[in-house]
Amino acid sequence: LAKTTQPISMDSYEGQEVNITCSHNNIATNDYITWYQQFPSQGPRFIIQGYKTKVTNEVASLFIPADRKSSTLSLPRVSLSDTAVYYCLVGDWSTGFQKLVFGTGTRLLVSP
Amino acid sequence: GAGVSQSPSNKVTEKGKDVELRCDPISGHTALYWYRQSLGQGLEFLIYFQGNSAPDKSGLPSDRFSAERTGGSVSTLTIQRTQQEDSAVYLCASSLVGDNEQFFGPGTRLTVL
Chain B
75 LAKTTQPISM
85 DSYEGQEVNI
95 TCSHNNIATN
105 DYITWYQQFP
115 SQGPRFIIQG
125 YKTKVTNEVA
135 SLFIPADRKS
145 STLSLPRVSL
155 SDTAVYYCLV
165 GDWSTGFQKL
175 VFGTGTRLLV
185 SP
Chain C
6 GAGVSQSPSN
16 KVTEKGKDVE
26 LRCDPISGHT
36 ALYWYRQSLG
46 QGLEFLIYFQ
56 GNSAPDKSGL
66 PSDRFSAERT
76 GGSVSTLTIQ
86 RTQQEDSAVY
96 LCASSLVGDN
106 EQFFGPGTRL
116 TVL
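Those protein sequences? They're chains B and C, same order as listed.
All residue numbers for the first sequence refer to the working numbering, where the first residue is 75 and numbers rise by one.
All residue numbers for the second sequence refer to the working numbering, where the first residue is 6 and numbers rise by one.
Because the hints were derived from the structure by calculation, they are not lab data.
Check before you lean on any hint, since a few could be wrong.
[Said to hold, decoys possible] Restricting the straight-line Cα-Cα distance to at most 25 angstroms, the calculated cross-link-like pairs of lysine to any residue (SDA-like) are: (1) K62/C x D105/B; (2) K62/C x R119/B; (3) K126/B x S10/C; (4) K16/C x F113/B; (5) K77/B x G47/C; (6) K128/B x F108/C; (7) K62/C x D23/C; (8) K77/B x R151/B; (9) K77/B x L65/C; (10) K128/B x P150/B; (11) K128/B x K22/C; (12) K143/B x S32/C; (13) K20/C x S115/B; (14) K143/B x K62/C; (15) K22/C x T75/C.
[Said to hold, decoys possible] Cβ-Cβ distance ranges computed for the label pairs, FRET-style: (16) Q46/C x N93/B: 19 to 29 angstroms; (17) E106/C x P114/B: 32 to 42 angstroms; (18) R114/C x R119/B: 47 to 57 angstroms; (19) T157/B x D68/C: 22 to 32 angstroms; (20) K126/B x E106/C: 10 to 20 angstroms; (21) L183/B x R114/C: 16 to 26 angstroms.
[Unchecked claim] Computed, partial: chain C to chain B, Cβ under 8 angstroms: (22) F50; (23) G56; (24) A59; (25) P60.
In this text, a Cβ means the ideal position worked out from N, Cα and C, and glycines have one as well.
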C-alpha cells in the first residue's frame, strides 16, 4: 500500500474554503485515492474517492494532478461542524476488498 | 436504513478476563471488517470477512484475538486474557463486494484495568 503524508493539523474559520493536500509518491497504477472524515467518538465516514483529474460531490471536491503523486481535498465554505480528522488513503480497490490503512490524518479545527 | 451497530458501546474489564465484542453489519453487506484505534492514532486493520470465504486474519495482533461471523451476518470479536495494551476503540465496518466505501459503526471502547 502506498504511504501517504498529510499535515497533522489545520485551522480555519467558518465560511472559508479549506484545502488539505496529501502526498502519495509511490502510488501504483491501479490505486485509487479515498478520503474519510472522522468526528470524535465516531467511526470514519467516506467522503470522496477519485482516480485522476477532479471529482466533485455534494460534500467536497478532490483534485488529482496528472502524475497522481498528490491529491487535494477541498471543502467549500466550512462550518463549525466540519471540525474533524480527515484521512487520505490510497489503495487498489479493484478486487473489491481493501484493508484500509489509516495514518494519523489531518485534524481540522474550524473556528467562528 | 439502519447502519452498522456495535455492542457494547463501552466495556471495562480487568486484566486477564475475556471479552466479546459484537458487530451487526448493514443488511446485504457481505464484506465485514474489524479495526482498532488507539487514543490519538489512526485505525489498525484486524480481520476481514467476505461471504463464506476464509477470513483474512493477517492483522490480528496475537493469538489471543479471534473473530467469527455467523450466517454471513453478525460478527463477534473475542479477546482472551486481555492486557492493558488491548485498551482501544474497536471499530467494525461493512461494505458491498466491489464497493469501495466502507460503512463504520460507532465502535466499542474497551478499557482494560
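Quick rundown of the hints versus the structure:
1. K62/C x D105/B: Roughly 23 angstroms separates the two Cα atoms, so the pair holds.
2. K62/C x R119/B: 24 angstroms, holds
3. K126/B x S10/C: 34 angstroms, violated
4. K16/C x F113/B: This hinted pair holds, its Cα atoms lying about 21 angstroms apart.
5. K77/B x G47/C: 13 angstroms, holds
6. K128/B x F108/C: 24 angstroms, holds
7. K62/C x D23/C: It holds: about 19 angstroms lies between the C-alpha atoms, which stays within 25 angstroms.
8. K77/B x R151/B: Violated. K77/B to R151/B sits at ~29 angstroms, over the 25 angstroms cutoff.
9. K77/B x L65/C: Given pair K77/B, L65/C holds - Cα atoms ~21 angstroms apart, limit 25 angstroms.
10. K128/B x P150/B: 15 angstroms, holds
11. K128/B x K22/C: 50 angstroms, violated
12. K143/B x S32/C: Distance ~37 angstroms between K143/B and S32/C Cα, so the pair is violated.
13. K20/C x S115/B: 24 angstroms, holds
14. K143/B x K62/C: 31 angstroms, violated
15. K22/C x T75/C: 23 angstroms, holds
16. Q46/C x N93/B: 19 to 29 angstroms: Roughly 25 angstroms apart at Cβ, these two residues keep to the hinted range, so it holds.
17. E106/C x P114/B: 32 to 42 angstroms: Hint violated: Cβ distance 22 angstroms, outside 32 to 42 angstroms.
18. R114/C x R119/B: 47 to 57 angstroms: Hint violated: Cβ distance 18 angstroms, outside 47 to 57 angstroms.
19. T157/B x D68/C: 22 to 32 angstroms: 40 angstroms, violated
20. K126/B x E106/C: 10 to 20 angstroms: Taking Cβ atoms as reference, K126/B and E106/C lie about 19 angstroms apart, which means the hint holds.
21. L183/B x R114/C: 16 to 26 angstroms: 23 angstroms, holds
22. F50: 4 angstroms, holds
23. G56: 11 angstroms, violated
24. A59: Violated. Min distance 13 angstroms.
25. P60: With a closest approach of 11 angstroms, the P60/C hint is violated.
Hint compliance for this structure: hints 3, 8, 11, 12, 14, 17, 18, 19, 23, 24, 25 are broken, all remaining hints hold.
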